Amino acid sequence: MNLRHTARVIGAGAVALSLVLATAACSRDAGGSTGGDGDVITGPGFDGETITLGVLGVTSGALAEPASLVLTGTQAYFDQVNAAGGIAGKYQVELNVRDTAYDPAKAIQEYNATKDDVAAYAQIFGTAMVNAILPDLNADQIINIPSSADGTLFKQPSVVIVNTPTEIIGVNAIEYAISQPGNEDKRVCYIAMEGALGVSVKDAINFAADELGANLGVQLTVPIEGDYTPQIQELRRDNCEIVMTKGSGVVLTKLLSTAVQVDYAPLWLAETGDFIGSMVEFPDVDYIENNLLFASAGTVYGDDSAEAMDDLIAAHEAYAADTPPVFLHLLGYASGMALGQILEQAAANGDLSREGLWNAMNSLDELTFGGLISPITWGEPDDRRPATNYNILSVDVDSDGGLAMKEFALDGKASRVIEFHVAN
Amino acid sequence: MATTQTRTRPRPDAGRPTLEAFPPRFAFPRWLKLTAIAVLAALFLVTPLITADARLAVFSLCGVYGIATMGLTLLNGKTGLVTMGMPFFMAVGAYSTAFFGATLGLPFLAYLLIAVLIGAGISALMGVLAMRLGGDELAITTLGLLMVGQYLANEWVPVTGGESGMSVRAAAVGIGDLNFLALGEFTRAQSTFWLVWVFVAIFAYIGYSMAVHRPGRAMQAIHDSQRSAEAVGVGVRSYKVQVSAVAGAFGAVAGVLYAVSQQFVSPTAFGISTAILLFAMMIIGGMGRISGAVIGAFIVWNAQQLVAQEAQGPVLRWLIKSTESSPGLISVGAFNMLAYGLMIVLVLVFAPKGLTSIWDAGVAWWRRRRSALPTSSS
Chain A
1 MNLRHTARVI GAGAVALSLV LATAACSRDA GGSTGGDGDV ITGPGFDGET
51 ITLGVLGVTS GALAEPASLV LTGTQAYFDQ VNAAGGIAGK YQVELNVRDT
101 AYDPAKAIQE YNATKDDVAA YAQIFGTAMV NAILPDLNAD QIINIPSSAD
151 GTLFKQPSVV IVNTPTEIIG VNAIEYAISQ PGNEDKRVCY IAMEGALGVS
201 VKDAINFAAD ELGANLGVQL TVPIEGDYTP QIQELRRDNC EIVMTKGSGV
251 VLTKLLSTAV QVDYAPLWLA ETGDFIGSMV EFPDVDYIEN NLLFASAGTV
301 YGDDSAEAMD DLIAAHEAYA ADTPPVFLHL LGYASGMALG QILEQAAANG
351 DLSREGLWNA MNSLDELTFG GLISPITWGE PDDRRPATNY NILSVDVDSD
401 GGLAMKEFAL DGKASRVIEF HVAN
Chain B
1 MATTQTRTRP RPDAGRPTLE AFPPRFAFPR WLKLTAIAVL AALFLVTPLI
51 TADARLAVFS LCGVYGIATM GLTLLNGKTG LVTMGMPFFM AVGAYSTAFF
101 GATLGLPFLA YLLIAVLIGA GISALMGVLA MRLGGDELAI TTLGLLMVGQ
151 YLANEWVPVT GGESGMSVRA AAVGIGDLNF LALGEFTRAQ STFWLVWVFV
201 AIFAYIGYSM AVHRPGRAMQ AIHDSQRSAE AVGVGVRSYK VQVSAVAGAF
251 GAVAGVLYAV SQQFVSPTAF GISTAILLFA MMIIGGMGRI SGAVIGAFIV
301 WNAQQLVAQE AQGPVLRWLI KSTESSPGLI SVGAFNMLAY GLMIVLVLVF
351 APKGLTSIWD AGVAWWRRRR SALPTSSS
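Chains A and B, in that order, are what the protein sequence lines are.
For the first sequence, position 272 (counting from the first letter as 1) is numbered 272 according to the numbering used here, and the numbering increases by one without interruption.
For the second sequence, position 45 (counting from the first letter as 1) is numbered 45 according to the numbering used here, and the numbering increases by one without interruption.
No lab work stands behind these hints: they were computed from the structure.
All figures in this text were calculated on a predicted structure; none of them were measured in a lab.
Glycine residues also receive a C-beta, built at the ideal position from the N, C-alpha and C atoms.
There could be a bad hint or two in this list.
The following label-pair restraints were derived from C-beta to C-beta distances [said to hold, decoys possible]:
(1) A:P375 / B:L329: 39 to 45 Å
(2) A:G379 / B:W156: 55 to 61 Å
(3) A:I224 / B:R317: 27 to 33 Å
(4) A:A314 / B:M147: 48 to 54 Å
(5) A:A265 / B:G135: 51 to 57 Å
(6) A:D322 / B:I202: 52 to 58 Å
(7) A:K413 / B:W156: 52 to 58 Å
(8) A:K413 / B:L342: 55 to 61 Å
(9) B:T187 / A:I224: 47 to 53 Å
(10) A:G48 / B:F186: 26 to 32 Å
(11) A:I224 / B:P327: 27 to 33 Å
(12) A:D411 / B:L342: 55 to 61 Å
(13) B:S273 / A:N82: 44 to 50 Å
What the simulated footprint calls covered on chain B by chain A, stretch by stretch (three residues with Cβ under 8 Å from a Cβ of chain A suffice, anywhere in the stretch; the number is not a length) [stated by the list, open to error]:
(14) 161-167
(15) 219-228
(16) 258-264
(17) 276-283
(18) 301-310
Work out the full structure, taking the sequences as your base and the hints as a guide.
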């Protein structure tokens with residue numbers, strides 16, 4: 001063996017290894033540190049000048065459209081805030097958008113990749129995605145705003161549900177439908193997209209049936225993609241005259257299309273979040289205007305009675321003019337408002353670290369939305385209360401947002417006593 | 001008569017080991033191997049100490065997919081049994097962890113062993129099928145196995161949690177008081193990295209040993225020509241079953257590690273897209289090479305994460321849009337698919353045998369160069 005040659009090789013290897021280590025050195029400390037800039041305490045996702053908020057959204061696949069509608073609303077809100085100087089007049093907000101492809105496995109990966117670089121999550125799209133990372137979100141004390149309205153998430157410590165839980169909306173919708181003259185004995189059925197949220201609403205539907213004495217029929221599920229003819233035929237065979245749905249706008253559109261093809265026309269009920277922009281292009285406009293109603297905790301785009309409507313319109317026209325101003329866009333804007341209130345409170349407290357945001361969130365007595373959505377009683381998790389009042393909206397393809405107010409500020413009676421099964 | 005005096009140039013490498021000193025075909029000197037092992041061991045120990053947790057999580061998944069890809073390499077690359085079913089065996093491992101570990105509370109070694117036995121057993125049955133089927137038929141059959149797995153994962157709710165998935169946090173991952181996911185003061189990401197890559201090393205050694213010894217020669221013979229292999233006395237049927245069982249065990253272990261690293265399992269992680277991912281890792285790394293499996297897994301998975309990470313960075317921001325109204329041409333999800341496909345095409349065009357073939361080409365060039373050098377005259 002030539003010792004000099006051996007030594008050269010080993011030396012070269014050691015140099016190479018050292019270069020690798022040197023290049024990677026100090027990266028263990030990257031991603032967030034707690035410190036101060038003299039004015040405010042910093043932390044992960046806040047460097048003293050810019051607040052970075054994470055988004056675990058969906059930018060590909062069947063659910064990209066509804067996810068994008070919510071995100072553009074949130075983005076428009078923070079663009080508006082930034083234009084006015086930022087949070088507390090000085091801190092700009094940026095969104096770090098990642099794609100989960102509506103896959104819980106990917107949501108976990110994207111969460112792990114971003115959690116050290118964000119102050120909070122402005123959006124996590126999908127109940128299953130939230131459930132997959134919820135224990136970590138709670139343990140890491142990272143505030144998050146799911147696009148889900150699953151009531152089982154409402155009292156989770158880290159979660160801010162902006163919209164009224166879907167269980168409450170579902171019960172309210174059925175209560176309204178069977179309270180209309182002639183509807184008292186009509187058969188009420190349920191069809192939902194497969195998944196955790198559908199199961200949660202199904203439990204609420206069963207509760208409503210007991211409380212309200214509704215004539216309950218079949219309860220079905222559908223996949224995100226596929227042919228819905230068998231399910232529609234089953235609804236027809238069971239003489240379902242009122243059908244409560246829960247899924248996404250994509251699923252709802254397919255259900256309606258299939259029902260039109262087989263000439264089946266019950267009263268369709270849905271939550272306003274399931275209305276997407278493409279519905280105004282529905283081939284049979286009369287069908288959806290006459291047979292589809294939405295129950296909503298929020299108002300319609302352009303409602304002058306909402307004091308924040310001017311801000312919403314201005315933000316939409318300035319930053320999201322290409323986005324149809326449907327409810328999901330309003331919901332995204334309201335989500336931004338909720339997080340904005342938390343950030344403003346934390347900035348006022350002088351602490352934008354994780355702990356500071358957490359304390360600020362729990363110190364707020366109420367989350368308000370300027371009339372866009374019903375206010376929520378807030379505080380510590382056990383003190384939080386969702387709104388139970390609701391509006392009924394009908395489809396109006398000629399309006400800006402595609403919906404028109406049919407009934408306003410109704411009081412949900414049965415939904416006041418609903419209980420949510422706490423998620424794991 | 002005038003004579004021509006030949007001036008012999010002294011060899012520039014006089015004193016160095018000559019080509020003839022190396023045993024045939026890639027058998028490097030012992031000291032070089034030991035150096036390489038030392039470097040890898042150093043990387044293994046030091047990487048978690050200097051790398052952020054987010055990056056460590058990516059590296060851990062690289063290791064998980066590396067083990068699954070090694071199993072695929074033994075089955076497909078070495079033996080020629082085309083299978084799409086490796087994610088099914090990962091699911092076996094993952095859901096064994098969820099059910100036996102998290103739900104029933106069995107200790108780590110117990111549910112690991114159960115996962116390996118189930119994975120190997122089912123895979124051995126697939127090996128029996130492989131006796132009759134080959135090529136396209138086997139691939140389609142294993143695709144059917146994948147679909148069966150998806151159905152069970154979605155519908156067998158008491159065991160799998162259904163389509164919403166299942167948390168695995170309650171599963172013990174250790175022996176006695178030693179928790180492999182919480183080693184001393186180290187973070188979960190650091191501990192997980194070490195756990196996963198210990199398994200990668202163990203299974204790489206197993207796979208490599210199989211490949212370079214008698215089983216590997218038999219597998220290669222079956223890959224090249226089953227009839228010829230039979231003719232020379234290779235037990236083709238027996239090897240198909242055995243290799244299938246081993247590959248199933250690899251997949252099951254990968255699934256166990258996937259579950260404990262992610263702390264959550266859901267059906268979407270074990271579908272057709274994962275089958276394609278593993279194939280891409282095997283092809284890009286180098287079919288038929290255990291090292292190729294690990295290299296391919298490392299490169300492909302890191303590349304995907306890099307794209308997601310840099311989607312809003314200055315280089316890709318003009319191309320990738322985060323919302324419908326933001327600037328850019330395509331979404332990050334669409335770009336990932338595009339980049340993924342391009343990577344496979346480019347590797348197949350410029351290095352059809354994978355990235356390890358570049359190393360092989362380098363070694364072959366060096367050997368030719370060495371053999372072309374004139375020898376010193378006596």
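Here is what the structure says about each hint:
A:P375 and B:L329 have their C-beta atoms about 40 Å apart, which keeps the hinted 39 to 45 Å range intact. Here the CB-CB span from A:G379 to B:W156 is close to 41 Å, at odds with the stated 55 to 61 Å. The supplied range of 27 to 33 Å is met by A:I224 and B:R317, whose beta-carbon atoms lie about 30 Å from each other. At about 51 Å, the beta-carbon gap between A:A314 and B:M147 stays in the expected band of 48 to 54 Å.
One distance hint, 51 to 57 Å for the beta-carbon pair A:A265 and B:G135, holds here, with the actual separation near 52 Å. The given range of 52 to 58 Å is respected by A:D322 and B:I202, whose C-beta atoms sit roughly 54 Å from each other. Taken as a hint, the range 52 to 58 Å is violated for the pair A:K413 and B:W156, whose Cβ atoms sit roughly 40 Å apart. A:K413 and B:L342 have their C-beta atoms about 58 Å apart, which keeps the hinted 55 to 61 Å range intact.
At roughly 36 Å, the beta carbons of B:T187 and A:I224 sit outside the given window of 47 to 53 Å. Remark: the range hint 26 to 32 Å for A:G48 to B:F186 is upheld by a beta-carbon distance near 30 Å. Distance hint check for A:I224 and B:P327: the Cβ-Cβ separation is about 29 Å, which falls inside the suggested range of 27 to 33 Å. Between A:D411 and B:L342, the C-beta spacing of about 57 Å keeps the proposed range 55 to 61 Å intact.
Taking the beta carbon of each, B:S273 and A:N82 are about 37 Å apart, not inside 44 to 50 Å as hinted. With 4 residues having a Cβ less than 8 Å from any Cβ of chain A, the region 161-167 of chain B passes the three-residue criterion, so the hint holds. Residues of the region 219-228 of chain B lying with their CB closer than 8 Å to a CB of chain A number 0, which falls below the three-residue condition for coverage. Residues of the region 258-264 of chain B lying with their CB closer than 8 Å to a CB of chain A number 3, which satisfies the three-residue condition for coverage.
For the region 276-283 of chain B, the assignment as covered by chain A is violated, since 0 residues bring a beta-carbon within under 8 Å of that chain's beta-carbons and 3 are needed. Residues of the region 301-310 of chain B lying with their CB closer than 8 Å to a CB of chain A number 3, which satisfies the three-residue condition for coverage.
The structure shown violates the earlier hints numbered 2, 7, 9, 13, 15, 17.
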